[in-house]
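Below are the chains, spelled out letter by letter.
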Amino acid sequence: GAVVSQHPSRVICKSGTSVKIECRSLDFQATTMFWYRQFPKQSLMLMATSNEGSKATYEQGVEKDKFLINHASLTLSTLTVTSAHPEDSSFYICSAVDKTGAVQETQYFGPGTRLLVL
Amino acid sequence: QKEVEQDPGPLSVPEGAIVSLNCTYSNSAFQYFMWYRQYSRKGPELLMYTYSSGNKEDGRFTAQVDKSSKYISLFIRDSQPSDSATYLCAMTLKGGYQKVTFGTGTKLQVIP
Numbered sequence: 001g002a003v004v005s006q007h008p009s010r011v012i013c014k015s016g017t018s019v020k021i022e023c024r025s026l027d028f029q030a031t032t033m034f035w036y037r038q039f040p041k042q043s044l045m046l047m048a049t050s051n052e053g054s055k056a057t058y059e060q061g062v063e064k065d066k067f068l069i070n071h072a073s074l075t076l077s078t079l080t081v082t083s084a085h086p087e088d089s090s091f092y093i094c095s096a097v098d099k100t101g102a103v104q105e106t107q108y109f110g111p112g113t114r115l116l117v118l
Numbered sequence: 001q002k003e004v005e006q007d008p009g010p011l012s013v014p015e016g017a018i019v020s021l022n023c024t025y026s027n028s029a030f031q032y033f034m035w036y037r038q039y040s041r042k043g044p045e046l047l048m049y050t051y052s053s054g055n056k057e058d059g060r061f062t063a064q065v066d067k068s069s070k071y072i073s074l075f076i077r078d079s080q081p082s083d084s085a086t087y088l089c090a091m092t093l094k095g096g097y098q099k100v101t102f103g104t105g106t107k108l109q110v111i112p
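Keeping their order, the protein sequence lines are chains U and P. Per this note's numbering, residue 1 is the first one in the first sequence, and the count goes up by one each step. Per this note's numbering, residue 1 is the first one in the second sequence, and the count goes up by one each step.
In case anyone wonders, no lab produced these hints; they're calculated from the structure. It is possible that some hints are incorrect.
[What the hints assert, rightly or not] BS3-like mimics (lysine-lysine), calculated; alpha carbons at most 30 Å apart, straight line:
1. U:K64 x U:K14
2. P:K56 x U:K41
3. P:K67 x P:K56
4. P:K99 x U:K64
5. U:K41 x P:K67
6. P:K107 x P:K56
7. U:K55 x U:K20
8. P:K94 x P:K67
9. P:K99 x P:K2
10. U:K55 x P:K99
11. U:K66 x P:K56
12. P:K70 x U:K20
13. U:K64 x P:K56
14. U:K64 x P:K67
15. P:K70 x P:K42
16. U:K14 x P:K42
17. P:K94 x U:K14
18. P:K107 x P:K70
19. P:K94 x P:K42
20. U:K66 x U:K55
21. U:K20 x P:K99
22. U:K64 x P:K42
23. P:K70 x U:K41
24. P:K2 x U:K64
25. P:K2 x P:K94
[To be verified] Okay, the calculated beta carbon distance ranges per label pair:
26. P:Y51 x U:S5: 23 to 31 Å
27. P:S68 x U:S83: 45 to 53 Å
28. P:G59 x U:F39: 42 to 50 Å
29. P:Y51 x U:L68: 47 to 55 Å
30. P:G16 x U:G53: 45 to 53 Å
31. U:G61 x P:S26: 16 to 24 Å
32. P:R60 x U:D65: 40 to 48 Å
33. U:R10 x P:E45: 14 to 22 Å
34. U:Q29 x P:Y39: 44 to 52 Å
35. P:K94 x U:L26: 22 to 30 Å
36. P:E45 x U:T82: 26 to 34 Å
Positions of the beta carbon are idealized from the N, C-alpha and C atoms, including for glycine.
Pulled out of the complex, with its shape left as it was, chain U reads as follows (with noise of 0.2 Å):
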């Protein structure tokens, strides 16, 4: 039990155009995901929490109007990257809380996205 998928697991696209990743709880509700970012050799760095019906909740210096966060059910999250630069790649993980599981009080994470902008 409490899988998550993302897709795409990567993608290569060119600098000013836009990025959507999904992020799926296969086997449990999740009324709320993470999504972090992770650059190579450091650890993830919360970018936004996403609410089920509700405006995400961004980390100071993440930009809001950059990073779209939609959290319209309660198995999808999605994360656009508008108008990518090259400094935008990185490797971008979601994570989902198990609201009815055994375990509540810990994220399961997703395989991740790793996005090249050129």
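Fit chain P to the given chain U structure using the hints.
Only chain P this time, still in chain U's reference frame:
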């Protein structure tokens, strides 16, 4: 000072060795402690989860939390080459719905 300190390694051990991974933290309000394993280019996989102080064992893995010292550990017994990965400690104030603070991760290599 970082909220969570973790030696980045790399740590190389022979197969079958006991591995000890550690983190220290500064915020005494942390209540929930986790260890994640992350293989290269993959998302973190939850290994152990502990609430407050104490020990927890799951197969070859044992997690220890000492809140008085603000110190957590993960022990791996009979280490296997498949254990080679980066291990991230993580902690939250009030559980999974809250922001998780991660250590930088320790890269472990188990040599056959």
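Comparing the hints with the structure gives:
A threshold of 30 Å between alpha carbons decides the hint, and for U:K64 with U:K14 the separation of about 21 Å falls inside it, so the pair holds. Between P:K56 and U:K41, the direct Cα distance comes to roughly 28 Å. Compliance with the 30 Å bound is thereby established for this hinted pair. Between P:K67 and P:K56 the CA atoms are separated by roughly 14 Å; this keeps the pair inside 30 Å, and the hint holds. About 18 Å separates the Cα atoms of P:K99 and U:K64, which keeps this hinted pair within 30 Å; it holds.
For the suggested pair U:K41 and P:K67, the alpha carbons sit about 28 Å apart, so the restraint of at most 30 Å is met. Proximity of P:K107 to P:K56 is assessed by CA-CA distance (about 22 Å); at most 30 Å being required, the pair is judged to hold. For the hint linking U:K55 to U:K20, the alpha-carbon distance of about 17 Å falls within 30 Å, and the restraint holds. Between P:K94 and P:K67 the CA atoms are separated by roughly 15 Å; this keeps the pair inside 30 Å, and the hint holds.
For the suggested pair P:K99 and P:K2, the alpha carbons sit about 15 Å apart, so the restraint of at most 30 Å is met. Under the criterion of a C-alpha separation no larger than 30 Å, the hint pairing U:K55 with P:K99 is consistent with the structure, at around 16 Å. About 42 Å separates the Cα atoms of U:K66 and P:K56, which puts this hinted pair outside 30 Å; it is violated. Restraint check: the Cα-Cα separation between P:K70 and U:K20 comes to about 40 Å, which exceeds 30 Å; the hinted pair is violated.
For the suggested pair U:K64 and P:K56, the alpha carbons sit about 39 Å apart, so the restraint of at most 30 Å is broken. Of the supplied pair hints, the one linking U:K64 and P:K67 is violated, its CA atoms being roughly 36 Å apart against a limit of 30 Å. Note on P:K70 and P:K42: the hinted pairing holds, with a Cα-Cα distance of about 29 Å set against a maximum of 30 Å. A distance of roughly 24 Å separates the Cα atoms of U:K14 and P:K42; the hinted pair therefore holds under the 30 Å criterion.
Of the pairs offered as hints, the one joining P:K94 and U:K14 is violated, with about 41 Å between alpha carbons and a cut-off of 30 Å exceeded. Pair hint P:K107 plus P:K70 holds up; C-alpha atoms about 22 Å apart against a cutoff of 30 Å. Among the hinted pairs, P:K94 with P:K42 is consistent with the structure: their alpha-carbon atoms are about 26 Å apart, no more than 30 Å. Restraint check for U:K66 and U:K55: the C-alpha separation of about 14 Å stays at or below 30 Å, so the hint holds.
Restraint check for U:K20 and P:K99: satisfied, since their Cα atoms lie roughly 23 Å apart, inside the 30 Å limit. The straight-line distance between the Cα atoms of U:K64 and P:K42 is roughly 25 Å, inside the 30 Å bound, and the hint therefore holds. Proximity of P:K70 to U:K41 is assessed by CA-CA distance (about 25 Å); at most 30 Å being required, the pair is judged to hold. Between P:K2 and U:K64 the CA atoms are separated by roughly 25 Å; this keeps the pair inside 30 Å, and the hint holds.
Our distance criterion of 30 Å between C-alpha atoms is met by P:K2 and P:K94, whose separation comes to about 20 Å. Our hint of 23 to 31 Å for P:Y51 and U:S5 holds, since their Cβ atoms are close to 28 Å apart. For the hinted restraint 45 to 53 Å between P:S68 and U:S83, the CB-CB distance of approximately 49 Å keeps it satisfied. A hinted range of 42 to 50 Å for the beta carbons of P:G59 and U:F39 is inconsistent with their spacing of about 32 Å.
A C-beta distance of roughly 35 Å is found between P:Y51 and U:L68, which places it outside the suggested range of 47 to 55 Å. Between P:G16 and U:G53, the C-beta spacing of about 51 Å keeps the proposed range 45 to 53 Å intact. In this structure the hint that U:G61 and P:S26 lie 16 to 24 Å apart at CB holds, the actual value being about 21 Å. A C-beta distance of roughly 47 Å is found between P:R60 and U:D65, which places it inside the suggested range of 40 to 48 Å.
In this structure the hint that U:R10 and P:E45 lie 14 to 22 Å apart at CB holds, the actual value being about 19 Å. Range check, U:Q29 to P:Y39: about 27 Å between beta-carbon atoms, so the 44 to 52 Å window is missed. Taking 22 to 30 Å as the suggested C-beta distance range, the pair P:K94 and U:L26 conforms, at roughly 26 Å. Distance hint check: the CB atoms of P:E45 and U:T82 are about 30 Å apart, consistent with the given range 26 to 34 Å.
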